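> Spelled out from the first residue to the last, the chains are:
2 protein chains.
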Amino acid sequence: MEKQVTKLRQYMSNEQIKITLPDGTVLEKSSGTTGMDVAEGISSGLAKQSILVEVNGELKDLSYPITQDCTLKILKKDADEALELIRHDCAHVMAEAVQQLYPGTQVTIGPAIDNGFYYDFSRKEAFTLDDLGKIEKKMHEIIDLGFPFERQVWDRSKAIKYFEDIGEIYKSEIIKDLPKEEEISIYRQGEWMDLCRGPHLPTTKHIGKAFKLMKVAGAYWRGDEKNEMLTRVYGTAWRTEKELDTYLNMLQEAEKRDHRKIGKELKIFTFDDEVGAGLPLWLPNGSIIIEELEKLAKETEDKAGYDRVRTPHITKGSLYEKSGHLSHYKDSMFPAMNIDGTEYYLKPMNCPHHHKIFASSPRTYKELPVRLAEYGTCYRYEKSGQLFGLMRVRSMQMNDAHIYCSEEQFKEEFLSVCKMYLKYFEIFGIEKYEMRLSLHDPKKLGDKYVDEPELWIKTEKLVREALQDGKVNFIEFPGEAAFYGPKIDVQVWSAIGREFTLATNQVDFAIPRRFNLSYVDSNDKDQTPLCIHRAPLGTHERFIGFLIEHYAGNFPLWLAPVQMAIIPVSDKFNDYADAVCSKLKSHGIRVKLDNRNEKMGAKIRNAELSKIPIMIILGKKEMNDNSISIRRRFIGDQGSMDIDQFIEETVNEIYTREKSKVDLDA
Amino acid sequence: MEKQVTKLRQYMSNEQIKITLPDGTVLEKSSGTTGMDVAEGISSGLAKQSILVEVNGELKDLSYPITQDCTLKILKKDADEALELIRHDCAHVMAEAVQQLYPGTQVTIGPAIDNGFYYDFSRKEAFTLDDLGKIEKKMHEIIDLGFPFERQVWDRSKAIKYFEDIGEIYKSEIIKDLPKEEEISIYRQGEWMDLCRGPHLPTTKHIGKAFKLMKVAGAYWRGDEKNEMLTRVYGTAWRTEKELDTYLNMLQEAEKRDHRKIGKELKIFTFDDEVGAGLPLWLPNGSIIIEELEKLAKETEDKAGYDRVRTPHITKGSLYEKSGHLSHYKDSMFPAMNIDGTEYYLKPMNCPHHHKIFASSPRTYKELPVRLAEYGTCYRYEKSGQLFGLMRVRSMQMNDAHIYCSEEQFKEEFLSVCKMYLKYFEIFGIEKYEMRLSLHDPKKLGDKYVDEPELWIKTEKLVREALQDGKVNFIEFPGEAAFYGPKIDVQVWSAIGREFTLATNQVDFAIPRRFNLSYVDSNDKDQTPLCIHRAPLGTHERFIGFLIEHYAGNFPLWLAPVQMAIIPVSDKFNDYADAVCSKLKSHGIRVKLDNRNEKMGAKIRNAELSKIPIMIILGKKEMNDNSISIRRRFIGDQGSMDIDQFIEETVNEIYTREKSKVDLDA
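So the sequences go chain by chain: V and B. Just so we're aligned, residue 1 is where the first sequence starts under the numbering used here, counting upward by one. Just so we're aligned, residue 1001 is where the second sequence starts under the numbering used here, counting upward by one.
Bound conformation, chain V alone (with noise of 0.2 Å):
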């Protein structure tokens, strides 16, 4: 640490500057003062603490000089922001052990990541989990060195000289691409450098304990399979032990509800590689859940007032010229196929189809607002390296909806969806979610976004005003909107504290113009409408695994492919068991006769082990009581009842989506 202090010194000057702290108070100070010296002046306990500054809201190392007036902020390691640079850290830790241990293996890149990190090597042999044993240990000694991450801004070209002159071919060709503007900053902890724009934390020792490398994987130099294939090591990291154990007992219980190993299971999908990679096959038991899921968001939809369309799964390819798909998303679409000399498409997206039916008949402001549902079938191109069980499918079933409306309209029907979003959170009993709001980037209209400067920001209003006026909770991301508008990504966590992000919420002021979409107002002019894409259930595909680890497979009543399993004690019982059976399903009960010649036992587990809620045992009591002994999941033995009382309970308990039964962290 004396050396570091040392070094910076020479940043100093007699100059005077103001810096002000987030509680106000200004400090005066000498120009080349750093976030430490400041810290230092509040308490050595603070300094201690202190990893990383706040200068006019640009994060900094917490020894970078500070050379004009500002406002500061001192980062503790309870801060959002340390977790990004212990990941970080720890991949510049993770590329020095090893090239400590593998002399000769060259570094690339090695970003922070969710949850982690990650650097990938090139060297001539993958490693394997031995190596990341040795690596880890490693990196744990370079921490103990607790060597400063110290800054230095190099002259590109001896920059280049200096990796070429080492063997780092790829840091040096890194360099080479980096704009010429830019300060070419390399960071050294001991001996060890790498380029890097920083910021990190004081010293190695900073990041602690709680890491661990995870799995190595092949990736290609910049993503393109034409260069070379490196090895990418993947590390997770964390502030504390405490954390690192949590995230490690996730990832373990995420494994233990994968939903490709519980849809197996449970015989919810399939795929067959005679059918292709990506198309999932759902079968009896998944096509139940479907079903429900359907039955669901029709009901939702009915009560809301939209009306259900079926459109066809292929389109003309001047529609998606029109629309902009091809010009857009050609790279995830299906080929075309030529039909009597017209190419053809697989529909990636239902809205040109809505937009078309739309424009079918004249509209009047009356009929307003259109709201036009779907379970449409999508085809998307996704390359066979990304596919992932449900969760990265080539088709989709899309809860998908569009919403035509007048501008006064709008706030109203945009609410409307996020309320909708809230209601079926309530009913999978998601209990943390985010809503956020993606706004475009000025700079990149007519590029990324439709060059529409004023109705981006018109829109952008209404959306965020909605979002008030509804008390809804959001953050806002800048850069991130639809090309036609502005979006709300929802992001939603599952049971065991697991991402995903389901569902989308879009606003589109550009396309409908686009399709000379019109209705007339009541001054009997011609208006174009706003259009609202929205998808709170996503696609059946994610959806489903999703709920599948939220509920490790274990479907509330509703839900559950198999509700209830008949067990007569004995053949004996076998008739009585086959009244009860034909009275439940008379009731739109989904039950399942366990009548083989199989010991009470193994009947029971079997019920277990196939995650059925309820089991009815049958024996000579409820023959002769013309009763039914009920053995429920996660409750245990409920006794014996009448069977209309349980009917009637269940009945309801099904038709009111009842979610308290299941018990999420099982």
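No lab work stands behind these hints, which were simulated from the structure alone. Don't take every hint at face value.
Derived lysine-lysine pairs resembling DSSO-like cross-links, with alpha carbons at most 30 Å apart [said to hold, decoys possible]:
| hint | chain 1 | residue 1 | chain 2 | residue 2 |
| --- | --- | --- | --- | --- |
| 1 | V | K585 | B | K1366 |
| 2 | V | K267 | B | K1303 |
| 3 | V | K366 | B | K1366 |
| 4 | V | K592 | B | K1423 |
| 5 | B | K1060 | B | K1444 |
| 6 | V | K592 | V | K621 |
These numbers were taken from a predicted model, which means no experiment stands behind them.
Once you've looked at the hints, dock chain B against the given chain V.
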């Protein structure tokens, strides 16, 4: 007539032959005797009415000289066979009329078809409607002349030369292409003659007056686009003028009920040039009908023990090679899409996907029958000229299912499907239908049919027995089976008597083996299941097209897109109307509130034009009494009623899918 009789005498000899009549009577006649001779021998009345004979089961001219012992049946004009003769004779007479009126026109072919006949002519200009009137007049003149149809057998080369000499190059081409062993027979009426196999009526006069030329169309010679475009004249012909009138009335009614016209008026579906030909967009009203039909199908299939599945719309080509679609059905498939070097196709049928689901887990005899149902949307290529409203489309939503069963289960399963048809017919008020059992042709084994002679015989026997056991009426059609097994095609007639091919029920004893489908039987041996392909409601497209005509758009309450129009007498009653509307909606009734500022009469007319089954009129009296006044389509005013009683009755009518209150002839 005298002339004909004289000519025929030349065939007679003194040799005696035995002719057995249908009642068993045996007549001894000279060889060369004709059917007409026999008829005259029985009674002059019979001779007058006779038109045709069946000699040893083969239809022959009445003037055909009988030279061997035979069975003989004399047919009169009321025989089923007469209609085809009348139509075929009309074609000959029309060709003569055309050649008299428009010299230089060449004849090609002119068969009898359903309801009538056509003839294809080679002529520079197409005929106009005016021309049809002239041709029809000339035909009546030719018929009045009463020339006998006289059969002559010609030498092949003489026939070719004759037709070439008179400039009939199509006729000479046809003769050249006839199989070597076939006799070249020429039929002559007066001076005009045509190549023809016969048989024909005795004279042109026998045709009568009950015919009408209908329309002109283009048709390629031999149906090949590369050949000359010919002019086809269509006519209709019947036994009696009453039959003709009935048919013409039916056509007129069919035109009024044209599903394209009503589909547009009632906003059921639309087509859009930018989406593509043959790809219907289902508007909200059509989507309601679709959902009601699916609900019916699902309820029916749930009760019958079906499981529903969902499969993607695209699949690898290799799957269709295995199933045989690519070798037998490629012309009806859309072209391939190349994805990552593999060809994918839009599915033309759901069977390969269902086979894959059957194969997705090991099966035992205890699970059988497995019944997999899906409303899968299939895509088939039809030439654009063949597309016709909803009747011939390129995208079709099929009420599909595949039943996998053992041989022992087969009869019961097959019959259950047939009975399911009958249940549907009852629901939709389809009173006339026909089950056609299509059988294989042993001559085409290995070509049109899988080469399994014994399996064919065995399976056809099973199907026949199933139908007989179930007392289901059917007609056998040899040579019409599917590639992989026998099938039932179901023809239905709409309320106005038009015939539609809707549904199919097929046995498949070949493809399950190709897919290695198997189950373990009770002796622990692997067995291949039989597969039944069935689609009792056909496709939504064709079935709804049929229903629109059948009901003339007057759907029964359960199917009507809008079930009730609520019409307040003036805006003073809008609040009451709102309350009534909400109450009805809360019972799932599809209501439309017409609170526009319009006159009562206009509102009622509007509801009538929209064919809404029930109007609810609300005025002072109703508001004061807390009642509603009902006006029912086809039934009229029903007076005022308590709303709760009305809801109970109506919900019951919807729930039971009552059909009695619809007037099919309206």
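> Compare the structure with each hint and give your call.
Hints, one by one, checked against the model:
Restraint check for V:K585 and B:K1366: the C-alpha separation of about 20 Å stays at or below 30 Å, so the hint holds. With a C-alpha separation of about 22 Å, the suggested pairing of V:K267 with B:K1303 holds against the 30 Å cut-off. Using a Cα cut-off of 30 Å, the hinted pair V:K366 and B:K1366 is violated, with the two alpha carbons roughly 59 Å apart. For the given pair, V:K592 sits about 27 Å from B:K1423 by alpha-carbon distance, which is consistent with the 30 Å threshold.
Between B:K1060 and B:K1444 the alpha-carbon distance is near 27 Å, which keeps this suggested pair within the 30 Å criterion. Restraint check for V:K592 and V:K621: the C-alpha separation of about 21 Å stays at or below 30 Å, so the hint holds.
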